[in-house]
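From first to last, the protein sequence lines stand for chains B and L. Each residue of the first sequence is one higher than the one before, starting from -7 at the first, in this note's numbering. Each residue of the second sequence is one higher than the one before, starting from -7 at the first, in this note's numbering.
Among the hints, a few may not be true.
Note that identical chains are pooled: a pair holds if it fits in a single copy or bridges any two copies.
Computed cross-link-like contacts, BS3-like style, restricted to lysine-lysine with a CA-CA straight-line distance of at most 27 Å [as the list claims (entries may be wrong)]:
#1 Lys123 with Lys165
#2 Lys89 with Lys177
#3 Lys89 with Lys41
Honestly, the hints are just simulated from the structure, not real lab data.
2 protein chains.
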Amino acid sequence: MRRSAEQTRLRILDAAYGLFWRQGFLRVSMDEIAARAGITKRAQHFLSKDALMAAVLAYASDLAIKRLRDFQRPVANGAEFIDSYFTQLGDWGAKPKYSGAGFTRAAVELADLRGHPARAIAHKHKLAVEKWLAEELACTGVAAASDRAREVMLLTEGAMVLMLIHADQSWPKAAARAARILIQKR
Amino acid sequence: MRRSAEQTRLRILDAAYGLFWRQGFLRVSMDEIAARAGITKRAQHFLSKDALMAAVLAYASDLAIKRLRDFQRPVANGAEFIDSYFTQLGDWGAKPKYSGAGFTRAAVELADLRGHPARAIAHKHKLAVEKWLAEELACTGVAAASDRAREVMLLTEGAMVLMLIHADQSWPKAAARAARILIQKR
Chain B
-7 MRRSAEQTRL RILDAAYGLF WRQGFLRVSM DEIAARAGIT KRAQHFLSKD ALMAAVLAYA
53 SDLAIKRLRD FQRPVANGAE FIDSYFTQLG DWGAKPKYSG AGFTRAAVEL ADLRGHPARA
113 IAHKHKLAVE KWLAEELACT GVAAASDRAR EVMLLTEGAM VLMLIHADQS WPKAAARAAR
173 ILIQKR
Chain L
-7 MRRSAEQTRL RILDAAYGLF WRQGFLRVSM DEIAARAGIT KRAQHFLSKD ALMAAVLAYA
53 SDLAIKRLRD FQRPVANGAE FIDSYFTQLG DWGAKPKYSG AGFTRAAVEL ADLRGHPARA
113 IAHKHKLAVE KWLAEELACT GVAAASDRAR EVMLLTEGAM VLMLIHADQS WPKAAARAAR
173 ILIQKR
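All chains should be modelled from the sequences, with the hints used to inform the complete structure.
Dropping the structure here:
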């Protein structure tokens, strides 16, 4: 019984993840999510759409951070890391259904709802990405890696948003060029 | 009669602008907008919420670009321009109801609807801001001002989003520091 409840919970998370990432959070209804998950009784698993949004973001954050940490790049220095990082960002943005970063999107869709539980997870997630960047930059010998990681975050968020606004994949290239200058010793 | 129709149209635009900027585009209904504008027959002015969104963004873009162009700063060089520009961004982000940039928010809320008329206006607006930045940077003697304007756009969008995600106003300061380095001759 317990196991089945957990499986249903995962099925709902999975269905919600797919729908949220495709259409954003606001336009998807709990009924659509239940239909996609193939369940009828949802109340016992998630008490509200707000709680489900937070659970989906927490689930997606764990996956994303794990993916970042598992990813080993053979890079010789900071400039190579920057190029590899922004090339991947550009590859993602070039996908036909690219619709921006899920965590940024959640924060923006809920821009006037500061206390929303999903906002807290988006905040935590972006701090984790920043920490990962600082560690990677430090490993390649970049000085003041925490400050440089903040700059790379600025360029990353800017590139993700501008790729969306302009449907133009040259933004991560411009971001990489800027980041390469910023990480130089000075 | 004609004049009154135009006044009603402006009243609707004004009401929609206030509601959209506060709550985002998706959660506001046409009925709420009509109620706030104090009108009952709205169908003759805007055929759909999508058309109204586009009209509001076009109206807001005209105002915003005019404001940028009218704004004369006594700046001696590129670094001073950058400081003045990002200081203002930080002042905006420090407002209690800061909820990100309206045009970015529109693009993000409609991330999966590439052909939406409001997306076209957000795209046009951001290009106009970039052009203004390039002109201002060129005036202060910054070399390759168009390329530098793109970098300032990346840092601007990044700072606006990260202020929202983290409720932290130090991001425009980090952006200004990065921009000052990027505009140096090299």
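Here is what the structure says about each hint:
1. With identical chains, the CA atoms of lysine 123 and lysine 165 are at most 27 Å apart both within one copy (23 Å) and between copies (19 Å).
2. Taking the closest pair of Cα atoms, lysine 89 and lysine 177 never come within 27 Å of each other, the shortest separation being 38 Å inside a single copy and 39 Å across copies.
3. Taking the shortest alpha-carbon separations for lysine 89 and lysine 41, both the intra-copy value of 24 Å and the inter-copy value of 24 Å come in at or below 27 Å.
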